[in-house]
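A.B. asks: Sequence:
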Amino acid sequence: MIYLDNAATGFPKSPGVREAMERALSECGNPSRGSHSLSKNADEVLYRCRVLLAKQFGTLPEKVVLTKNATEALNLAIKGLSPKGGEVVTSDLEHNAVLRPLHALRAAREITLKQFRTSLSDDGVTVENFRTAVGSTAGLAVVTHASNVCGRILPLKAMREAVDRKDFLMIADCSQTAGHIPIDITELGVDVICIPGHKGLYGPMGTGALICHPARELAFRTLV
0 MIYLDNAATG FPKSPGVREA MERALSECGN PSRGSHSLSK NADEVLYRCR
50 VLLAKQFGTL PEKVVLTKNA TEALNLAIKG LSPKGGEVVT SDLEHNAVLR
100 PLHALRAARE ITLKQFRTSL SDDGVTVENF RTAVGSTAGL AVVTHASNVC
150 GRILPLKAMR EAVDRKDFLM IADCSQTAGH IPIDITELGV DVICIPGHKG
200 LYGPMGTGAL ICHPARELAF RTLV
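Counting in numbering that gives the first Met the number 0, the sequence shown runs from 0 upward without gaps.
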């Protein structure tokens, strides 16, 4: 078998991944649920993971939230940061993990949703379309870093720089780029990046992270 579906799940996993999973099954208990060694081992493993992710993506360990996958991270970020009654902007290249929570919020009349067109050949056009869609009223943008369909990498840094407003937030879906190209959240200028562990990072299924900019304090809405 020749496996070409790495955009969905990185395969094959390295022997180190399998070994780490086997150690976790025998050496880790519930984290933060006791003072015994198994619980402490789990705490240490999780914290080391946050430290490594923070180093990889240019933030602080306390700004890393571990999740089950990028979909959960995106749902937490979108539902937690969408301005109630405000405008949210997204692109025409988004995955359902972005579109479904946005459309659910729109259907509940919690947000107004605007979509901008990307160019597959001209970053300048994409940036201008984004700037126009955001305008002076949108409070949040949720944009893919790279399309899982066509592979187009969007100019996130230039897009963020095109909107010079302190009251504007930007979430980046880095599902297809994390582990494949260097990503520094401070360099990109976005407020949150959401990543899976099982694609370009070649970790096991059931892993992901919501990663916040190290210098920004974000107020997430309470989710029920």
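There's no promise every hint is true.
Pairwise CB distance ranges, derived in the manner of DEER restraints [to be verified]:
id : residue 1 : residue 2 : range
1  : G134      : R99       : 38 to 44 Å
2  : I1        : D166      : 45 to 51 Å
3  : T136      : S13       : 32 to 38 Å
4  : K165      : K83       : 34 to 40 Å
5  : E186      : P11       : 30 to 36 Å
6  : N95       : I1        : 24 to 30 Å
7  : E186      : T131      : 39 to 45 Å
8  : T136      : R99       : 32 to 38 Å
9  : K165      : G84       : 16 to 22 Å
10 : A106      : G28       : 38 to 44 Å
11 : R220      : T136      : 47 to 53 Å
12 : P14       : K83       : 31 to 37 Å
13 : Y46       : E127      : 23 to 29 Å
In the DMTMM-like style, the derived pairs of lysine to aspartate or glutamate whose C-alpha atoms are separated by at most 25 Å in a straight line are [claimed, not checked]:
id : residue 1 : residue 2
14 : K78       : D190
15 : K67       : D166
16 : K54       : E86
17 : K54       : D42
18 : K83       : E93
19 : K165      : E18
20 : K165      : E86
21 : K83       : E71
22 : K83       : E216
23 : K156      : D121
24 : K67       : D4
25 : K54       : E216
26 : K54       : E71
27 : K83       : E109
28 : K54       : E43
29 : K67       : E160
30 : K39       : E18
31 : K156      : D183
32 : K165      : D183
33 : K78       : D166
34 : K67       : D121
35 : K12       : D91
36 : K83       : E26
37 : K113      : E93
38 : K67       : E18
39 : K54       : E109
40 : K113      : E127
Derived from the structure by calculation, the hints contain no laboratory data. Fair warning: this is a prediction, and the values are worked out from it, not measured in the lab. Glycine included, each C-beta is placed from N, C-alpha and C at the ideal position.
A.B. asks: Against the earlier hints, flag every one the structure doesn't satisfy and list their numbers going up.
C.D. replies: Hints 1, 3, 4, 7, 8, 11, 12, 13, 15, 16, 19, 29, 34, 35, 36 and 39 contradicted; others consistent.
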